[in-house]
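4 protein chains.
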Amino acid sequence: MAGNTFGEIFKITTFGESHGAAVGVIVDGVTPGIEIDEAYIQKQMDRRKPGQSSVTSPRKEYDIIHILSGVFEGKTTGTPLFVNLYNQDMKPEAYNDIQNSFRPGHADFTYLQKYGIRDHRGSGRASGRETAGRVAGGAIARKLLEHRGVQVVAYTQEIGGIPCQTFDEDAIERNAVRACDPIAGAKMIEKIEQLAAIGDSCGGIVECRIRGVMPGLGEPVFDKLDAELAKAMLSIGAVKGIEFGAGFSAATMLGSEHNDEMDSDGFLSNHSGGILGGISTGQEIIFRISVKPTSSISVAQKTLNVNGEEQEIRTIGRHDPCICPRIVPVVEAMACLVLEDLYKRQAANLG
Amino acid sequence: MAGNTFGEIFKITTFGESHGAAVGVIVDGVTPGIEIDEAYIQKQMDRRKPGQSSVTSPRKEYDIIHILSGVFEGKTTGTPLFVNLYNQDMKPEAYNDIQNSFRPGHADFTYLQKYGIRDHRGSGRASGRETAGRVAGGAIARKLLEHRGVQVVAYTQEIGGIPCQTFDEDAIERNAVRACDPIAGAKMIEKIEQLAAIGDSCGGIVECRIRGVMPGLGEPVFDKLDAELAKAMLSIGAVKGIEFGAGFSAATMLGSEHNDEMDSDGFLSNHSGGILGGISTGQEIIFRISVKPTSSISVAQKTLNVNGEEQEIRTIGRHDPCICPRIVPVVEAMACLVLEDLYKRQAANLG
Amino acid sequence: MAGNTFGEIFKITTFGESHGAAVGVIVDGVTPGIEIDEAYIQKQMDRRKPGQSSVTSPRKEYDIIHILSGVFEGKTTGTPLFVNLYNQDMKPEAYNDIQNSFRPGHADFTYLQKYGIRDHRGSGRASGRETAGRVAGGAIARKLLEHRGVQVVAYTQEIGGIPCQTFDEDAIERNAVRACDPIAGAKMIEKIEQLAAIGDSCGGIVECRIRGVMPGLGEPVFDKLDAELAKAMLSIGAVKGIEFGAGFSAATMLGSEHNDEMDSDGFLSNHSGGILGGISTGQEIIFRISVKPTSSISVAQKTLNVNGEEQEIRTIGRHDPCICPRIVPVVEAMACLVLEDLYKRQAANLG
Amino acid sequence: MAGNTFGEIFKITTFGESHGAAVGVIVDGVTPGIEIDEAYIQKQMDRRKPGQSSVTSPRKEYDIIHILSGVFEGKTTGTPLFVNLYNQDMKPEAYNDIQNSFRPGHADFTYLQKYGIRDHRGSGRASGRETAGRVAGGAIARKLLEHRGVQVVAYTQEIGGIPCQTFDEDAIERNAVRACDPIAGAKMIEKIEQLAAIGDSCGGIVECRIRGVMPGLGEPVFDKLDAELAKAMLSIGAVKGIEFGAGFSAATMLGSEHNDEMDSDGFLSNHSGGILGGISTGQEIIFRISVKPTSSISVAQKTLNVNGEEQEIRTIGRHDPCICPRIVPVVEAMACLVLEDLYKRQAANLG
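Residue numbers (this note's numbering), protein chains in the order written: chain A, 877 to 1227; chain B, 877 to 1227; chain C, 877 to 1227; chain D, 877 to 1227.
So here's chain A without its partners, still in its complex pose:
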């Protein structure tokens, strides 16, 4: 209700502020008897953490996870699986200067309006650090989906106006921006480094492909597969839009162009993005999200302080000039959470 739980049957509840004692997640509804180990989860955490390369924040969040319940002798028990991460390398004093100011593009203003109180240190719960719990929970979902034959892969499609021209899946984890086109990726890195040098930031587009989903997944009418994925993606801080299949270009297509015809080999096209009437068709599910430029920049900007007085502000600190590379594992995690939950909902429907 207060918005810290995601999912209906397979669900996660996250807690923790950026510069509090810890962040973490309770994963509930886990299938019992599944082998799981901390290394499997840690691998996903390491993809999310800062400090991976020259284009990400140099902060050191080691993001060491600890499973404190729900696993016995290496297998899930069906009881809540709790994953804790103690915060480290915190510099809350770095935020003293801004504790009474509203940083442009940040949630400082809205959190204070909503609650009448806020933990200003590193954005509190509005920090990207909150996604650590999501990625840990998503790793459990990913493990369960492996048993179902489902693969989820996200990657950078565009940064700073530089789009990928090819789709080379093997390249994704081999370049610092997780682009699906290594040549475009190199240009993106260059662009980010130029912007970092002048204290500015840029946005981009992340795409996600999901394979191996059986036809029939998704709950009409309100909990459509695309509706649930849209909610999941828009719940990530920097995301400003989402489109499925033909997406916004569908607006300029004719019905005779957009409809996906079928013959005995299956669908002849995939403008729908693998979803019809909110239910998976069995084709590849494909969507794209728009990622806004990082709000924390050291370029001077006008703002107000908590007393309503005008100020100029520069957000000095250790921030990602483009968040796309680190959003990729979060997108995958959220997609895994949606899918595993809908699989369990379908099992309930028919069970």
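Mixed in with the good hints there might be a few duds.
All copies of an identical chain are treated as equivalent in the list; a pair is satisfied when it fits inside any one copy or across any two copies.
Claimed, not checked - Within a straight-line C-alpha distance of at most 25 Å, the following computed SDA-like cross-link-like pairs (lysine to any residue) qualify:
1. Lys967 to His942
2. Lys919 to Ala898
3. Lys951 to Tyr962
4. Lys951 to Ala1223
5. Lys919 to Ala897
6. Lys967 to Asp913
7. Lys951 to Gln964
8. Lys951 to Ala915
9. Lys925 to Lys1063
10. Lys1178 to Met1090
11. Lys1178 to Ser1140
12. Lys919 to Ala1052
13. Lys925 to Glu1083
14. Lys951 to Ile993
The hints are simulated quantities; they were obtained by calculation from the structure and are not laboratory data. All values derive from a computational prediction rather than experimental measurement.
Put chains B, C and D on the given structure of chain A with help from the hints.
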């Protein structure tokens, strides 16, 4: 769970198939003591119904609503408000030809895959007729939001590649396509009529503006205001994408461009679309959705029947060549449902 | 949230006031492809309706049900199944005298305190009539449980201090009070008729036995099988207590007496009532509820009116002097709803 | 869904096994800006912990709580409040003997049936230790209820057949069994010590009184105040029954006796237990629960092992011969959770 309920506190549960006996909605969580009458709801129903103009389906769904509970002596009682609409002017026999075929772009295939059974008549529950219950429930939400000083207005921004060039709010309900630019609207109508003549269809873009929302609405972290709106909009059948504020264009902006600065007069821009960290800023909330071209077209297309045999199909019937004009009231209804629910959740948070 | 929905996956949402236009239920989460007909549901409705015998209210509620959605060609489709009952034989003017008074033992006072408004006609939604929707929904659950091999049977164990001495299951539906001992049943009827003659009422105890449930049903830790049944039963208007297995007598037992030992034939006793740690053992599940005497009596009683003035009140009307016989099908319906929902939750856990 | 979350708006999610690394709770939906400190919560934890007196288990669970999120500078922030307790003084090897046996009266058998796997150490999640998270969460609720003027007090009413004869509220926390009658309490202690000497156990009755609740709390029709309390209490491991107000004795009363009359001073009696139609009347809310004798006894009993072979078992260990004294704070915690949640739901209804 099975996806027929929307909302957490103020919530609707809809039922009914396109060519079954009735469609309708139970609205639960209604504030007691609010004056309400059937005419108020009927007005919204009439905006949604087919047969309004030359560019909408000539079917006659009179959509006469009946409130069967939850109102006593003209006021809400706080108990469930049930609105029923008996189906009329049904021609289920019109669907006999297609009962064993999968119409391209329709949910025929996926419903059968999901449930192993489907009501083929007029798409059953995947029909646009399902939105009647949403609009009825949304009208109750709209009434409650009036008391909060909130206005929600949606309109066609683009159809068939023809965009609006101006924003004339008064024009919206005065042209058949609900465009915010009457000159562009006239061109859109012409375009639709041309396509209707050849049995084809087109898509478009619908925009929505919400005014009067207090700062502080929306539940971080998963139930962000934009996340809830995204889910609501993607739950509408023909919608393929959504973007807030700068949306997909944020992907090519710099942080110094995208961040909305503040001075003592308030925000200096609204690239965020009125939402920061998932919480309303108090500015106008603005989003756009992509609407795909209507799937039902009489152009011949390849498909399969339920036995997996190849077929050619033409969907003959009374369909909208462009669904944008009739999606407008549905978009408003869903937005109202999201907002009223989040207002009540905020009351609970602080209460 | 507002309390009109019961269940998590297989769930019902009821609506309607006693003397409004209609009452009914939306049943969601129904397994698709199950044969169902109105006669099956009607049979359960007829067990609940007033006017069945000399010991129940002479009101004529024909309780004719209509399925308006979710069934196609005699089978469930997996979409919401809506059951409507139009109210008949209403005499709202019979309540004019009491519209401004708080009847002792009734919810008149508390509804007004809660909502600031109330539909006084026949108790509005606090009426026993509200259970019609439950019994309709419970009949769907019962049908699904038949396929699982589960039987639910409730009966009167005691009325007016007269307990059953034997357990004759075949006798239950053959005597007007639904006692499991026909000789005690005859005495109960006599007692009720005596009380009816002087305008008073009495309470009783209803017992329920559930057979055929697999071991492993129920969700620890909060949604234990007994916890869910307890909530379900206490949600019925006149119920004041519940006990499982040894129940309140467990308070005076030793551990060595109460523990159910096992040998190779299974459990040697059933003090637990078929539930350990909130999970079914596979034994018969057994519980008892306490039913208070009907509040509506024509004996003069002191009360207040809505202006806080003292009054004497006699509730004249067509009321059951003992509600036990008509609560029996409601108890069964609620038990069926709990069980079917937990079966689907278990399918989700493992699915 | 999997049953580890309690509440709708103010809600707790607990995790942890008896002999795992930790147990704890995420409390979500906490009102922001409320002063809270660890000592306040610790006080309630200390009432629940073992080793308090001669009549409780000599295990040393120090139950030191740590708040890891949701509190900033001594005040709640409205974000999830996470309370962790590391397990200490664990002796999992003490359970080696029973890892393959089903202890009579325990959930060993049912957990294995449900999940196909179980953490046998100290009953895993079916342990009384699981209630630590509840008491921590309940302490937060209690703090919020203090601001509303609500008091919740539970106490032992009967142990081993020895009932309290008086109600001395001040005596409750001054005797080891938390009896409301210190003389009866002394006899209860003697009885427990006798049973402990022979390795047996006994049950009892715990009563709870709630004062200061406004009229109007509780959600008809399914989420009645008594229904929610019943679920909460039956979710506690050893509880076998609950009754409100006159409870089971209502079954033998006449309507003219049971109805609570009113005059200008208010209600003249409280047979309803402070609840009418599922909504609070403003009177004292009163209910009683039946507590079964502790299952862990060293008296020899017949059972099976996991291979279905017959065995004799004695449960040697550090167990409470009567759990009533330590259930008292758990009953209060669960009651506080129900009340605070319903207060927030009422705020949402009207908000």
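We went through each hint and held it up to the structure:
1. Proximity of lysine 967 to histidine 942 under the C-alpha cut-off of 25 Å is found in both arrangements, the shortest distances being 23 Å within a copy and 21 Å between copies.
2. Proximity of lysine 919 and alanine 898 under a CA criterion of 25 Å is satisfied in both settings, with 19 Å inside one chain copy and 24 Å between copies.
3. With identical chains, the CA atoms of lysine 951 and tyrosine 962 are at most 25 Å apart both within one copy (24 Å) and between copies (21 Å).
4. Taking CA atoms no more than 25 Å apart as the test, lysine 951 paired with alanine 1223 passes in both settings, with 22 Å inside one copy and 19 Å between copies.
5. Both within a single protomer and between protomers do lysine 919 and alanine 897 lie at most 25 Å apart by alpha-carbon distance, with minima of 23 Å and 22 Å respectively.
6. Taking the shortest alpha-carbon separations for lysine 967 and aspartate 913, only the inter-copy value of 24 Å comes in at or below 25 Å, while the best intra-copy value is 31 Å.
7. Proximity of lysine 951 and glutamine 964 under a CA criterion of 25 Å is satisfied inter-copy only: 23 Å between copies versus 29 Å inside one chain copy.
8. Taking the closest pair of Cα atoms, lysine 951 and alanine 915 come within 25 Å of each other only inside a single copy of the chain (14 Å); across copies the shortest separation is 36 Å, beyond that limit.
9. Taking identical chains as interchangeable, the C-alpha atoms of lysine 925 and lysine 1063 lie at most 25 Å apart only when both belong to the same chain, with a minimum of 23 Å there against 52 Å between chains.
10. Proximity of lysine 1178 to methionine 1090 under the C-alpha cut-off of 25 Å is restricted to the inter-copy arrangement: shortest distance 23 Å between copies versus 51 Å within a copy.
11. Proximity of lysine 1178 to serine 1140 under the C-alpha cut-off of 25 Å is restricted to the inter-copy arrangement: shortest distance 10 Å between copies versus 61 Å within a copy.
12. For a Cα distance limit of 25 Å, the shortest separation of lysine 919 from alanine 1052 inside one copy, 16 Å, qualifies, whereas the shortest one across copies, 51 Å, does not.
13. Taking identical chains as interchangeable, the C-alpha atoms of lysine 925 and glutamate 1083 lie at most 25 Å apart only when both belong to the same chain, with a minimum of 20 Å there against 37 Å between chains.
14. With identical chains, the CA atoms of lysine 951 and isoleucine 993 are at most 25 Å apart between copies only, with a shortest distance of 9 Å across copies and 41 Å within one.
In summary, the structure agrees with every hint in the numbered list given earlier.
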